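S.K.: Each chain, letter by letter, is given below.
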Amino acid sequence: MPPFLFKQTADGEVGLRPREREDTAFYRRNVNNPDVRRLLRNVDPKNSHVVEAEFEQYSGESEDGEEGYGFVICAATEEADGADADDSDAAEGPTTPVGSIGIWSIDHINGTAWIGAWVDPDYHGRGYAPRGAALVVDFAFEELNLNRVQTAVYEPNRASQRVMEKLGFEHEGIARQAIFVDSGFVDSYQYGLLRQEWNGDEWL
Amino acid sequence: MPGPAFRRGESVALHTVEEEDLEFLRRLRNDPEIRFGMTFSRPENERTMTEWFEKHISETDGKGAQFLVVPVDRESPVGFVSLFDVRRPASHGEVAYYVDPEAQNEDYTTEATELLVGHAIEERRLHKVVARTTAGNEASRAVLRKVGFTKEETQREEKFVDGEFVDVVRHSILEDEWGGR
Numbered sequence: 000m001p002p003f004l005f006k007q008t009a010d011g012e013v014g015l016r017p018r019e020r021e022d023t024a025f026y027r028r029n030v031n032n033p034d035v036r037r038l039l040r041n042v043d044p045k046n047s048h049v050v051e052a053e054f055e056q057y058s059g060e061s062e063d064g065e066e067g068y069g070f071v072i073c074a075a076t077e078e079a080d081g082a083d084a085d086d087s088d089a090a091e092g093p094t095t096p097v098g099s100i101g102i103w104s105i106d107h108i109n110g111t112a113w114i115g116a117w118v119d120p121d122y123h124g125r126g127y128a129p130r131g132a133a134l135v136v137d138f139a140f141e142e143l144n145l146n147r148v149q150t151a152v153y154e155p156n157r158a159s160q161r162v163m164e165k166l167g168f169e170h171e172g173i174a175r176q177a178i179f180v181d182s183g184f185v186d187s188y189q190y191g192l193l194r195q196e197w198n199g200d201e202w203l
Numbered sequence: 000m001p002g003p004a005f006r007r008g009e010s011v012a013l014h015t016v017e018e019e020d021l022e023f024l025r026r027l028r029n030d031p032e033i034r035f036g037m038t039f040s041r042p043e044n045e046r047t048m049t050e051w052f053e054k055h056i057s058e059t060d061g062k063g064a065q066f067l068v069v070p071v072d073r074e075s076p077v078g079f080v081s082l083f084d085v086r087r088p089a090s091h092g093e094v095a096y097y098v099d100p101e102a103q104n105e106d107y108t109t110e111a112t113e114l115l116v117g118h119a120i121e122e123r124r125l126h127k128v129v130a131r132t133t134a135g136n137e138a139s140r141a142v143l144r145k146v147g148f149t150k151e152e153t154q155r156e157e158k159f160v161d162g163e164f165v166d167v168v169r170h171s172i173l174e175d176e177w178g179g180r
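Line by line, the protein sequences give chains A and B. Just so you know, we're using numbering that gives the first Met the number 0 here: the first sequence kicks off at 0 and counts up by one. Just so you know, we're using numbering that gives the first Met the number 0 here: the second sequence kicks off at 0 and counts up by one.
Because the hints were derived from the structure by calculation, they are not lab data. Here the structure is a predicted model, which is why all the values come from computation and not from measurement. A hint or two may mislead.
Pairwise CB distance ranges, derived in the manner of DEER restraints [what the hints assert, rightly or not]:
# : chain 1 : residue 1 : chain 2 : residue 2 : range
1 : A       : Glu196    : B       : Arg26     : 58 to 64 Å
2 : B       : Glu176    : A       : Ala52     : 35 to 41 Å
3 : B       : Thr153    : A       : Ala158    : 49 to 55 Å
4 : B       : Asp175    : A       : Leu193    : 42 to 48 Å
5 : B       : Asp72     : A       : Arg125    : 29 to 35 Å
6 : B       : Thr59     : A       : Ala177    : 18 to 24 Å
7 : B       : Lys62     : A       : Asp181    : 19 to 25 Å
One side of the interface only, derived from the structure: several residues of chain B facing chain A at Cβ under 7 Å [stated by the list, open to error]:
#  : residue
8  : Gly2
9  : Pro3
10 : Phe5
11 : Thr15
12 : Val16
13 : Glu17
14 : Ser57
15 : Thr59
16 : Ala64
17 : Phe66
18 : Glu121
19 : Glu122
20 : Arg123
21 : Arg124
Okay, the calculated bits of chain A under chain B, using three or more residues with CB under 8 Å as the criterion [what the hints assert, rightly or not]:
#  : region
22 : 24-31
23 : 46-52
24 : 177-183
Think of the CB as a built atom: it goes at the ideal place given N, C-alpha and C, for glycine as much as any other residue.
Sequences and hints are given; from them, build the entire structure.
M.R.: Okay, here's the thing in structure tokens:
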């Protein structure tokens, strides 16, 4: 089954598609990568069984009534398909998986949700994090009719802090020493964005 | 083939354990050379290994973590390390390790154990890591000494191995004794 694009930027460079079971190898490779998992604060080895179980958990509404969605951030990259580069349908639009973004704990009464993302280290520094996040924020406000999107970023994770600030998220507060990472406690920063503040023109 | 590297050292890395690796582990766990050192007496067949894989390996419940040891210049595993019996709030856990007799290489075992102890202390905030060996297992005790463990106590005739009761030596390393590697 081919994956279907759910939403993309106006220039067709970056898109989101629903995460599928077939993405397990891509997720497994990244969530275990020391450079990715350190700042996600993932301390568990995650084999294929675990990654698939998480896939089940983040596909729509779970048994405990929790609503959340996982997306693969896809990009239109030239070098991506290598040998298939000449294949006419290989490079159409954003098809190369470059990262992941999720929206979860969707609360329709209060109009809130949490988001979180990572980008494959092979694709760092190309703006996929802010553009992927902009797509999911837009989905939250324009399609889910939420009022507030929030995220937590650990103090050493400067790259993600810059992404949140670029998108207009407000640094709302600090949960002091909330996280244990690399033998020490670090602060966790709370970021929030309201619908009335959202302007994603630069990123969408 | 093992999954991706989870924690990397200079000569070996710790990788996730995948279902395809059960055959390798089944061979090791039935090997008398390993069994006697590990004090395993249970014959392991495909069914028992699958059950173990589903119950213990594929759980992220914070009570432990299991990895394959893979040399950085190879794709196939040479051994296995496990952190188990994690207790809170005491914040200690036990480690065990075994390496394929065919690839028997003390440096691999030492670095794999260091990677696991580092993971336990630096990432999971354990205060103390314990390891137990049979009294006669000099190779294993040498690994523990190199990693920085200290002998803690002898448990007299604690195990029955290869026809006799043997002493077990409990070793441990504390958070502030761990320099990080």
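S.K.: Give a verdict on every hint.
M.R.: These are the hints, each one checked on the structure:
1. A:Glu196 - B:Arg26: 58 to 64 Å: holds (60 Å)
2. B:Glu176 - A:Ala52: 35 to 41 Å: The hinted range 35 to 41 Å holds for Glu176 (chain B) and Ala52 (chain A), with Cβ atoms some 37 Å apart.
3. B:Thr153 - A:Ala158: 49 to 55 Å: holds (51 Å)
4. B:Asp175 - A:Leu193: 42 to 48 Å: Given a distance of about 46 Å, which is inside 42 to 48 Å, the answer is holds.
5. B:Asp72 - A:Arg125: 29 to 35 Å: holds (31 Å)
6. B:Thr59 - A:Ala177: 18 to 24 Å: holds (20 Å)
7. B:Lys62 - A:Asp181: 19 to 25 Å: holds (22 Å)
8. Gly2: holds (5 Å)
9. Pro3: Where the cut-off is 7 Å and the nearest Cβ of chain A is about 4 Å from Pro3 (chain B), the hint holds.
10. Phe5: Holds: closest Cβ of chain A sits about 5 Å from Phe5 (chain B), inside 7 Å.
11. Thr15: holds (4 Å)
12. Val16: holds (6 Å)
13. Glu17: Cβ of Glu17 (chain B) sits 5 Å from chain A, so the hint holds.
14. Ser57: holds (4 Å)
15. Thr59: This interface hint holds because 4 Å falls under the 7 Å limit.
16. Ala64: holds (5 Å)
17. Phe66: holds (6 Å)
18. Glu121: holds (4 Å)
19. Glu122: holds (5 Å)
20. Arg123: With a minimum Cβ separation of about 6 Å from chain A (threshold 7 Å), the hint on Arg123 (chain B) holds.
21. Arg124: holds (5 Å)
22. 24-31: As far as the region 24-31 of chain A goes, the hint holds, because 3 residues have Cβ atoms under 8 Å from chain B.
23. 46-52: holds (count 5)
24. 177-183: Our answer is that it holds, as 4 residues pass the Cβ test (under 8 Å) against chain B, meeting three.
Violated hints: none; the structure is consistent with every hint.
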